[in-house]
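Make the full structure from the sequences, and use the hints.
As given, the protein sequences belong to chains A and B, one line each in that order. Per the working numbering, the very first residue in the first sequence carries number 26; after that it's consecutive. Per the working numbering, the very first residue in the second sequence carries number 26; after that it's consecutive.
Honestly, the hints are just simulated from the structure, not real lab data. Nothing here was measured: the structure is a model prediction, and the numbers come from that model. The reader is advised that the hints may include incorrect statements.
Heads up, the list lumps identical chains together, so a pair's fine if it works in one copy or across two of them.
Quick list of in silico lysine-lysine cross-link-like pairs, DSSO-like style, CA-CA up to 30 Å [said to hold, decoys possible]:
| id | residue 1 | residue 2 |
| --- | --- | --- |
| 1 | K190 | K88 |
| 2 | K179 | K58 |
| 3 | K58 | K115 |
| 4 | K90 | K58 |
| 5 | K119 | K58 |
| 6 | K90 | K137 |
| 7 | K137 | K88 |
| 8 | K109 | K193 |
| 9 | K88 | K58 |
| 10 | K109 | K58 |
| 11 | K179 | K193 |
| 12 | K179 | K88 |
| 13 | K58 | K193 |
There are 2 protein chains.
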Amino acid sequence: MKMLKELLSVLLVLVTLSSSMGKPEKTTPKKEKRIPQTLSRGWGDQLIWAQTYEEALFWSRSKNKPLMVIFHLEDCPHSQTLKKAFAEDKDIQKLADEEFVILNLVYETTDKHLSPDGQYVPRILFVDPSMTVRADITGRYANRLYAYEPNDMKLLLSNMQRAMKFLKTEL
Amino acid sequence: MKMLKELLSVLLVLVTLSSSMGKPEKTTPKKEKRIPQTLSRGWGDQLIWAQTYEEALFWSRSKNKPLMVIFHLEDCPHSQTLKKAFAEDKDIQKLADEEFVILNLVYETTDKHLSPDGQYVPRILFVDPSMTVRADITGRYANRLYAYEPNDMKLLLSNMQRAMKFLKTEL
Chain A
26 MKMLKELLSV LLVLVTLSSS MGKPEKTTPK KEKRIPQTLS RGWGDQLIWA QTYEEALFWS
86 RSKNKPLMVI FHLEDCPHSQ TLKKAFAEDK DIQKLADEEF VILNLVYETT DKHLSPDGQY
146 VPRILFVDPS MTVRADITGR YANRLYAYEP NDMKLLLSNM QRAMKFLKTE L
Chain B
26 MKMLKELLSV LLVLVTLSSS MGKPEKTTPK KEKRIPQTLS RGWGDQLIWA QTYEEALFWS
86 RSKNKPLMVI FHLEDCPHSQ TLKKAFAEDK DIQKLADEEF VILNLVYETT DKHLSPDGQY
146 VPRILFVDPS MTVRADITGR YANRLYAYEP NDMKLLLSNM QRAMKFLKTE L
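Written as structure tokens, this is what we have:
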């Protein structure tokens with residue numbers, strides 16, 4: 026019985042050795058298969074997102090739809106909870122899909138008009154098809170005018186509806 | 026026999042009618058479930074892509090890696106064949122993954138340095154971590170200096186290696 030046990034453990038060691046020897050170091054680097062990055066970044070996989078601000082402005086003008094720009098960071102907890110509320114809100118998702126050009130960014134643009142009261146995340150700015158940033162459409166926080174929290178979805182929805190009433194540009 | 030045939034065709038018409046009647050117009054709109062858009066757009070799903078030029082420049086400077094910018098269009102056949110060759114070339118994918126910051130764009134940026142001889146697709150530009158566009162790194166076509174074709178992958182690889190030899194910025 027003892028011999029059998031010893032034999033088994035020797036066998037186990039051999040199996041372990043051969044399996045680690047059979048694994049060529051070079052062909053199995055640390056990196057596993059990556060999941061392709063999405064443009065939505067979890068803010069609504071079924072929506073069609075612009076990639077860049079230039080592209081979003083082009084679409085906004087040519088489709089005559091307001092633009093919604095979401096600034097966020099992947100590892101910011103406030104961004105994460107807002108993202109979850111935004112992605113799960115069917116009314117917001119539907120309106121965004123049908124009536125808006127949408128863009129989410131994890132880096133600031135060079136356009137200072139998109140940070141009327143500073144660069145922070147999360148913040149949401151609307152841009153009129155006339156290419157005017159709607160600094161008048163704000164959330165409920167005086168120190169961060171364009172910030173929203175997960176329980177502000179009703180306000181965000183009504184702000185989206187405000188953004189759909191275009192500015193009359195005077196000639 | 027004729028009656029049976031007529032009965033069958035009446036039945037078929039009824040089945041067709043009822044199935045088209047049973048399809049409520051409102052709950053089955055034309056749009057089916059969309060596939061989330063990826064940042065790679067098929068140029069290498071396993072690579073990590075920057076979203077915008079600003080982001081790519083930031084990464085290039087902070088990681089001290091050259092930037093490769095690919096301009097293309099989804100429905101341009103030359104872009105499609107180049108994309109296939111690029112995505113399938115293991116040497117290019119590996120070098121791009123390890124040594125480059127990469128960005129693919131379907132819209133032009135506002136930076137004119139990225140179109141030294143005009144805006145056309147497909148074209149590939151390299152940018153030094155010092156934020157200088159490497160207009161000296163060109164393909165083999167005199168009328169479109171930054172264009173590549175599927176059988177230019179060796180040249181593209183050697184151009185990538187050239188881009189890895191950084192410019193010495195004079196002080």
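*Which of the numbered hints are not met once you compare them with the structure shown?*
Of the numbered hints given earlier, those the structure breaks are 8 and 13, listed in rising order.
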